[in-house]
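Visitor: What follows is the residue order along each chain.
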Amino acid sequence: MREEFFPTFDSVSVFVDPWLSGFESTFQVVLMGFFVCLACGVIGNFVVARRLALVGDAISHSLLPGIAIAFVFTSSRSLPAMLIGAAVAGVLTTVLIELIHRKSRVKPDAAIGIVFTTLFAVGVVVISIWLDNVHLDADCVLYGEIGLVPLRESFILSGANLGPLPIAIMGAVALLDILLVIVFYRVLLVTSFDAGLARSLGMPVNTTHYGLMIALALTIVAAFEAVGVVLVVAMLIFPAVTVGFFFERLPALLFGVAPLSLAYSLGGFHLARWLDCSIAGAMVVTAGALFVVAWFFGPKGGLIYRSRALGFLFATSKQKISPQIVG
Amino acid sequence: MKVLRTIPVFVLLVFFAFPALVHAARIGDVTDTDWGEQTFRFLSLRDAAVRNAVLGSVFMGVSCGLFGGYVVARRLALFGDTLSHAVLPGVALGFLWSRSKDPVAIFIGATLAGLLGTVVVAWIRKTTRVKEDSALGLVLSGFYAVGICILTVIQQMEFGNQSGIDKFLFGQAAALSSEDVSLMGVVAIGALMMVTLFNKELLVTSFDEGFARSVGVPVEFIRYVLLVGLTFAVVTSLQAVGVVLVSALLITPAATAYLLTDRMGTLLLLSALFGVAGGLLGSYGSFLGNNLPTGPFVVLACTSFFAIAFFCGPKHGLASKWLRRRNRVRQVSLENTMKAAYQVLEAGDFAKESVTVGALAARRRTSVTEARREADDLVNAGFASMLGSDDAGPRYSQDARLFLTPAGWERACQIVRNHRLWELYLTNEVRYAADHVHEDAEKIEHVLGETVVRHLERILKDPRRDPHGKVIPSLEDIERGSGLSTNPASATGYFQQN
Chain P
5 MREEFFPTFD
15 SVSVFVDPWL
25 SGFESTFQVV
35 LMGFFVCLAC
45 GVIGNFVVAR
55 RLALVGDAIS
65 HSLLPGIAIA
75 FVFTSSRSLP
85 AMLIGAAVAG
95 VLTTVLIELI
105 HRKSRVKPDA
115 AIGIVFTTLF
125 AVGVVVISIW
135 LDNVHLDADC
145 VLYGEIGLVP
155 LRESFILSGA
165 NLGPLPIAIM
175 GAVALLDILL
185 VIVFYRVLLV
195 TSFDAGLARS
205 LGMPVNTTHY
215 GLMIALALTI
225 VAAFEAVGVV
235 LVVAMLIFPA
245 VTVGFFFERL
255 PALLFGVAPL
265 SLAYSLGGFH
275 LARWLDCSIA
285 GAMVVTAGAL
295 FVVAWFFGPK
305 GGLIYRSRAL
315 GFLFATSKQK
325 ISPQIVG
Chain F
15 MKVLRTIPVF
25 VLLVFFAFPA
35 LVHAARIGDV
45 TDTDWGEQTF
55 RFLSLRDAAV
65 RNAVLGSVFM
75 GVSCGLFGGY
85 VVARRLALFG
95 DTLSHAVLPG
105 VALGFLWSRS
115 KDPVAIFIGA
125 TLAGLLGTVV
135 VAWIRKTTRV
145 KEDSALGLVL
155 SGFYAVGICI
165 LTVIQQMEFG
175 NQSGIDKFLF
185 GQAAALSSED
195 VSLMGVVAIG
205 ALMMVTLFNK
215 ELLVTSFDEG
225 FARSVGVPVE
235 FIRYVLLVGL
245 TFAVVTSLQA
255 VGVVLVSALL
265 ITPAATAYLL
275 TDRMGTLLLL
285 SALFGVAGGL
295 LGSYGSFLGN
305 NLPTGPFVVL
315 ACTSFFAIAF
325 FCGPKHGLAS
335 KWLRRRNRVR
345 QVSLENTMKA
355 AYQVLEAGDF
365 AKESVTVGAL
375 AARRRTSVTE
385 ARREADDLVN
395 AGFASMLGSD
405 DAGPRYSQDA
415 RLFLTPAGWE
425 RACQIVRNHR
435 LWELYLTNEV
445 RYAADHVHED
455 AEKIEHVLGE
465 TVVRHLERIL
475 KDPRRDPHGK
485 VIPSLEDIER
495 GSGLSTNPAS
505 ATGYFQQN
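As they're listed, the protein sequences go chains P and F.
Quick note: the first sequence uses the numbering used here, first residue 5, plus one each step.
Quick note: the second sequence uses the numbering used here, first residue 15, plus one each step.
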């Protein structure tokens, strides 16, 4: 059984062949993965800092009915329709969660749980009744089909073929996210870490929150068909948390997303190539492995640096017993 | 916990009630596959698959509903979601190990994966600065990704394709085997036993952990037992509702029950009932739609129960709350009108028996039309009767005369008494300035009950007059209205000349 599950590891067929025989599609898949991780990682830093990780999970699930219903009406993968559907679903999610926990005694966590499972169920029902095997597969919702991206129609701008459309869109979204973070850096920084201070400085705290939510929804919509609704959450959280074991300042956290994205994308692609499994899943497995490495070896709060037994090795460093790590 | 004992009875009832229909309904045309026929097939329990699906839904509803009560009470809803995703690699490994859909192997694998996920969440939180939500998200998506990878590998293998392993993602109640169902039954019975045995401990640790610790309840042990039970419930429900949506079965029925009751025992009973009903409706729905995935239908059924309770629940429902508020507003408005009528009568030293609508309007500082409407409301509520000018048109509305009925007089006296007593209490006992007490009394006059009034009267030594020198209506005044008292020594003097 072992041989069956783990095919013999042949470095040539895993690492070299895909780049030699099918360079274009390999490059496109890796690029798509990179863009997905980049866009999600940049937004994800703020999501993690604001403790919205599970809200991100809820939103990514509840956008599904919006996307699915947009599919039913336009019967195509038209991005504007999907975005409108997703935006409606996103607003509906927020409104319903607020309604339930304001107007009844149900706690916010249960309200989130009820709303996102319901909307996701609506999405799955819509897909399995009207769309199954035609435009959108129910399973694709759960783990994406990034491997099929090279087969999609091309994006042609003034005669020049710029590769498959999803890649162009994902790249544009990643670029947009980065630009937004650069432009609104100060506001995002202060509102994420000290909302009280931001308010006293006259910063638009609520507007920033909703702006971030819209950017998050946009990113999730663009990434959804590549990696599915559950794994997109991993792309949001893993980069920020992993870099957090090496750096503490926000610029470093943001810059750290790029090399990690490349690592996830390449590592995931080759792992999937070896095991013949879902690429998106393998990307997250890579992310998980890197997280575990950082958890053990990261200089800021990594397990080894914290351990008493090995503490003497790092006695000179200040974070031998770092106060903010305790507890 | 008497209510809990009724759950097994209910389970048995459902079990016996459905086969009874087989004899009641005639066996119709079999070739037709419209929804009526499908419904009949479902209800008659003719197929083994349907029987398994129904029994499975019942067991699933009981175990998830019971544990869900504690999930909601302890605010573990998002933890439940994480747990349900984290079991996926265990499901896949169990499948890989047994090379078939062997329930026991899958059960063991999934339980281990779920417990490992729990441990990892706790470990991340203990050893790092990562916040709880991120820790849950990491485990949720990381474990899930491992599961997806193994699952997609299995689907490439020769035995994996026809295995129905993909049914674990969205659930398929019709694919339950009898071994699956008996495993679910064991877990449901275990859940029932656990809830009955540890009822007191679970209750006290769920709501006041500090107190539980101080009275010597093994809090950690109870939490551990609960987590293991929760994992069992999630794992056995996987095949019927799927990995992604099983958390809804933990949260929604319990949240629905939470809207309907304040007692934990009733909550657990209702939660299990909603879970069972949602499971049955869901598997019926998926059966109707030619074996669509069950999970989404179960979730939608549970959510519709929640929506009904949310809007129409007797105590906490939105519609009920709105109705109650509207009644209160109407009551306050009626009482204010009666109070104004009393004050008009008082201004004339109770020489007249009636109040004109014009005088009422002047007193209430509203238009005559508005005062007329208020007077009509009073008449409709039986607190007053009206004489004249109905046919003369709205122009003469202000001359219409309003007579308080005995009930109206009684309530008006009570309201005025409450108001003035409270003003006196604030000035004499709380030492408020006399010009600051009116607004407060305006609010409290509508809610003071007789017990508090007696108490105030005792504190204030049966006062006759309020801080502004106005007479406080006495009990005699109130009772004269209903003809209970013939004592002529009333404070206001009203009715004496009648």
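Warning: the hint list may mix true and false statements.
Below, in silico cross-link-like pairs of lysine-lysine (BS3-like), each with a Cα-Cα straight-line distance of 27 Å or less [as the list claims (entries may be wrong)]:
1) LYS304(P) with LYS214(F)
2) LYS145(F) with LYS115(F)
3) LYS214(F) with LYS111(P)
4) LYS329(F) with LYS457(F)
5) LYS111(P) with LYS475(F)
6) LYS475(F) with LYS457(F)
7) LYS107(P) with LYS484(F)
8) LYS107(P) with LYS335(F)
9) LYS484(F) with LYS366(F)
10) LYS457(F) with LYS107(P)
11) LYS111(P) with LYS484(F)
12) LYS214(F) with LYS366(F)
13) LYS111(P) with LYS335(F)
14) LYS111(P) with LYS457(F)
15) LYS304(P) with LYS457(F)
16) LYS335(F) with LYS214(F)
Honestly, the hints are just simulated from the structure, not real lab data.
Visitor: Hints broken by the structure, by number, lowest first?
Guide: The structure conflicts with hints 1, 2, 5, 7, 11, 12, 14, 15 and 16, although it agrees with all the remaining ones.
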